[in-house]
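Based on the hints, put chain B in the right spot on chain A.
2 protein chains.
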Amino acid sequence: MNEIPYKILLSESEIPRAWYNLRADMKNKPAPLMNPATHRPMTAEELAPVFCEELIAQELDDTTPYIEIPDEILGYYKMYRPSPLMRAYRLEEALQTPAKIYYKFEGNNTSGSHKLNSAIAQAYYAKKQGLKGVTTETGAGQWGTALSMACSYFDLDCKVYMVKVSYEQKPFRREVMRTYGAAVTPSPSEDTAVGRKILAEHPGTTGSLGCAISEAVEVSTSNPGYRYVLGSVLNQVLLHQSIIGLETKAALDKYGIRPDILIGCAGGGSNLGGLISPFMGEKLRGEADYRIIAVEPASCPSFTRGRFAYDFCDTGMICPLAKMYTLGAGFIPAPNHAGGLRFHGMSPTLSQLYHDGLMEARAVPQNAVFEAAEQFARIEGILPAPESSHAIRVAIDEAVRCRETGEAKTIVFGLTGTGYFDMTAFEKFHAGLLDDSIPTDADLQIGFDQLPKVE
Amino acid sequence: MNEIPYKILLSESEIPRAWYNLRADMKNKPAPLMNPATHRPMTAEELAPVFCEELIAQELDDTTPYIEIPDEILGYYKMYRPSPLMRAYRLEEALQTPAKIYYKFEGNNTSGSHKLNSAIAQAYYAKKQGLKGVTTETGAGQWGTALSMACSYFDLDCKVYMVKVSYEQKPFRREVMRTYGAAVTPSPSEDTAVGRKILAEHPGTTGSLGCAISEAVEVSTSNPGYRYVLGSVLNQVLLHQSIIGLETKAALDKYGIRPDILIGCAGGGSNLGGLISPFMGEKLRGEADYRIIAVEPASCPSFTRGRFAYDFCDTGMICPLAKMYTLGAGFIPAPNHAGGLRFHGMSPTLSQLYHDGLMEARAVPQNAVFEAAEQFARIEGILPAPESSHAIRVAIDEAVRCRETGEAKTIVFGLTGTGYFDMTAFEKFHAGLLDDSIPTDADLQIGFDQLPKVE
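Keeping their order, the protein sequence lines are chains A and B.
If you're matching positions, the first sequence starts at 235 in the numbering used here and goes up one per residue.
If you're matching positions, the second sequence starts at 235 in the numbering used here and goes up one per residue.
Hints were generated in silico from the structure; no laboratory data involved.
Honestly, I wouldn't trust all of these hints.
Put simply, identical chains are the same to the list, so a pair is met inside one copy or across any two.
[Stated by the list, open to error] Listed next, the in silico DSS-like pairs over lysine-lysine satisfying Cα-Cα at most 27 angstroms (straight line):
id : residue 1 : residue 2
1  : K488      : K398
2  : K312      : K241
3  : K398      : K662
4  : K488      : K241
5  : K312      : K488
Okay, chain A solo, but in the shape it has when bound (with noise of 0.2 angstroms):
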């Protein structure tokens, strides 16, 4: 066996020529996707309005282990994949511990983070279909920059809500969306009838993901020749987002590598779903075992603290009812969080996994967070995103303890973007503006006496 280099990097001809889909080797599949008006599963026909066509398909297909992927989505692929599965020998060596540290690393492209690797998909499909455009949300804007950049790959037309205080907060990231062509309103806005009646229910609103949702499912729904894409909690998010897992087994399969801990940031779940499918679908077969750990901010913990139940996407109420780990649709992060994952719902895949003890979840607080971000940038060189860095708090948290039991495991995280367009949060935690306050019972009930009756 050679010398593990810094980088494990594959080549372009190892990118997987298939995604895999955890779904069909689950017992439990995720429960379906349910009509809020019938309370009966949605069919492909009822979500055609709102998806493209090929995208319901990949949605709704839980026995299908593989789905071959495009060769023109492969050919964007490889402008910048794979990406490197980094050994962290210097965090390891700050530590003293006898761990061996991994970070698959997604922030090298310049939506910078791994949201682009669904972007690309979901845009090749709705052009493959004739569609004009796309509409979507964003709120921390990694999802708006990718659904961006690919909208401008395929030549379709962008339009993204993006939650009203990022928009004001994060002039930048704004600017690169339209950079790459797309239009990018405050949500709410007056666009919609969703946005007015928010608007006039709470004038002052500094506007929510779930809300964002709303406004462009509406607006996809009353344009001719447009669908809702999103960037998380869906199926077929996780599915693209295999590519992420596959590539890091298949990197470690190169040294004979077996990692003993896979650690994730948990919003949605992209992320973590991508990352851990193939390790937990031989987790589900019975071929290995390892311990998957999902993190989630302490200030949104929908996994640790969530009810496992059917509830909306979005505030408007407007989309289907996904049953899923969730704080309800009415919760809303505290305005001091900082560190994104501010979803209230789960996906619903891996909150069936979840809840079939196949998964760990840690809530952590955010100033914890912040510090190990920039411990991690100071040794390992890469500003992490604040999301990110809550894979990289449990992951140092679990190296500490090798230390202290003396064990060397092998830890793989998912360092899943870069915190470049996040100095404002950065900024307030040098100046010690970041609390770790969490909700208290009290606010969580009000988003779980909001949640749908169904059965």
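Chain B in isolation, oriented as in the chain A frame:
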């Protein structure tokens, strides 16, 4: 010959083990740095209060062709190098050109540019000398960020004097440097005699690179255990940056590709000098011929409209004199200039090569630069730095010329970095607020009149 991938990647073991010292192959050596008082070449002893010892040796060595890269530096290079040599298949297709376009992409590290290559080397030698810290200036912030990162690796104190206008307009760059532990001060400041003098003479000044250099040098010489480091212009920097060209050549050689045209943006010359070094070496030794084009902003046209003369590198006129193409140390580009590359002078090595007719230079207006940047981003995905976009502009122009003439030339350009911290400039471009005015001959004459009188 295999099909050429989108990204020609070398392995970590293929990183060159030695820098190439272009000066060793130059018949007409770059003129020595000169003592501004005595008008005699600066000796190592005279330079020692300002620069690190080993870096002085590299600065003065114009005969040793290869200088070994210390293992510790190589170890840090391996965290982000080799950088990819990209084949711009999609740009070629969009331009419908028979030309083959490659770009060496140096932006995939948190400093966002090639500057890290020299920062790591300079910090290493400072640490090896037992210094406590280093001082430097930064304009757009790429160099300051790179040095902050390198100093965090080697546990060195890092004091950055940041041109005031950038400090105010680029708070995020400043915050990145602070994340890496650097002390960042807006220049001119009250910290230094030269800063206080400039503030007294020009109370409202927003600073200049030349002024920030003066402050950083003063602080280095008045604090025991500190030295001054510089990210461009100097011979030592071009030496370190030769890694760019050596990797480029190795990647091209792997596929038997011989470039016809090499293009790089040029401010102080660090990227261009590094990129072209092995190719220029072949040219100097009569082994091959290449067209080499330096691209500079029309608003700061050192090569195309400057004088080849001894001049100060800094506004405070406390640094040694360098013989270079210069607009005069008193020249400051118009405030509307957004594209970086603002230094009044140019690398003495490149200046000599240009003077000897071994390379061309072209000045481009800034709107054309940002148009190229946006076109490139939409097609190739990567959002380029305004600096790098000067090279993109000319690469596209040359590729379009190939379409007209039907010549299938091979064009290689340096994509020095990403524009993630330059969105204010892109916003101005989108809003039509960039103007293409250039200095008049009378404007330039003011700078020329201040040139020091040397034989």
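Here is how each hint holds up against the structure:
1. Taking the shortest Cα distances, K488 and K398 never come within 27 angstroms of each other, neither inside one copy (45 angstroms) nor across copies (50 angstroms).
2. In this assembly of identical chains, the alpha carbons of K312 and K241 lie at most 27 angstroms apart whether taken from the same copy (17 angstroms) or from different copies (8 angstroms).
3. For the identical chains of this complex, K398 and K662 are neighbours both inside a copy (19 angstroms) and across copies (22 angstroms), given an alpha-carbon limit of 27 angstroms.
4. For the identical chains of this complex, K488 and K241 are neighbours both inside a copy (12 angstroms) and across copies (20 angstroms), given an alpha-carbon limit of 27 angstroms.
5. Taking the shortest Cα distances, K312 and K488 sit within 27 angstroms of each other both inside one copy (20 angstroms) and across copies (19 angstroms).
Hint violations for this structure: number 1 only, all remaining hints satisfied.
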